[in-house]
Amino acid sequence: MRRLLSAMLFLLAAGYVGINIVGLPPLLVAENLVLATVYASLGAATLLRYGKTALLATTLIAAFNAGRVSRSVWSPTTGFGPLAAEHAPLLLYLIAVAALAAALLLREK
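Residue numbers 371 to 479, in my numbering, belong to the letters of the sequence shown in order.
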């Protein structure tokens, strides 16, 4: 399960780097590169079995990021956002990463 989580984190990092080719604003590119670095580092830490610290960090960061992305999908005042279709897969993926990391964290002794 740790290998799966690590692979998911590396794929997430690659996605955050790759999306920048569509011509995003510079600040969003910078944010994406920071997130890619964080997720790649967490993927390496998980693969190297850094234990509860890496799993807790992964759970918290992925859940927080999912919350930020959810604003692009749904707003309580306006409903579905104009970029909802583009962000929904990322939201589901982040939720899966956070859930898997949390499950592994709860299994740790």
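Since the hints were made in silico from the structure, they are not lab data. Watch out, some of these pointers could steer you wrong.
Each pair of labels, with its calculated beta carbon distance range [unchecked claim]:
1. 400 to 458: 17 to 27 Å
2. 420 to 455: 30 to 40 Å
3. 403 to 458: 14 to 24 Å
4. 459 to 393: 35 to 45 Å
5. 422 to 449: 17 to 27 Å
Just so you know, even glycine gets a beta-carbon here, dropped at the ideal spot from N, CA and C.
The hints, checked one at a time:
no. : hint                   : result
1   : 400 to 458: 17 to 27 Å : holds (24 Å)
2   : 420 to 455: 30 to 40 Å : holds (36 Å)
3   : 403 to 458: 14 to 24 Å : holds (23 Å)
4   : 459 to 393: 35 to 45 Å : violated (20 Å)
5   : 422 to 449: 17 to 27 Å : violated (39 Å)
Going through the hint list in order, the structure does not satisfy hints 4, 5.
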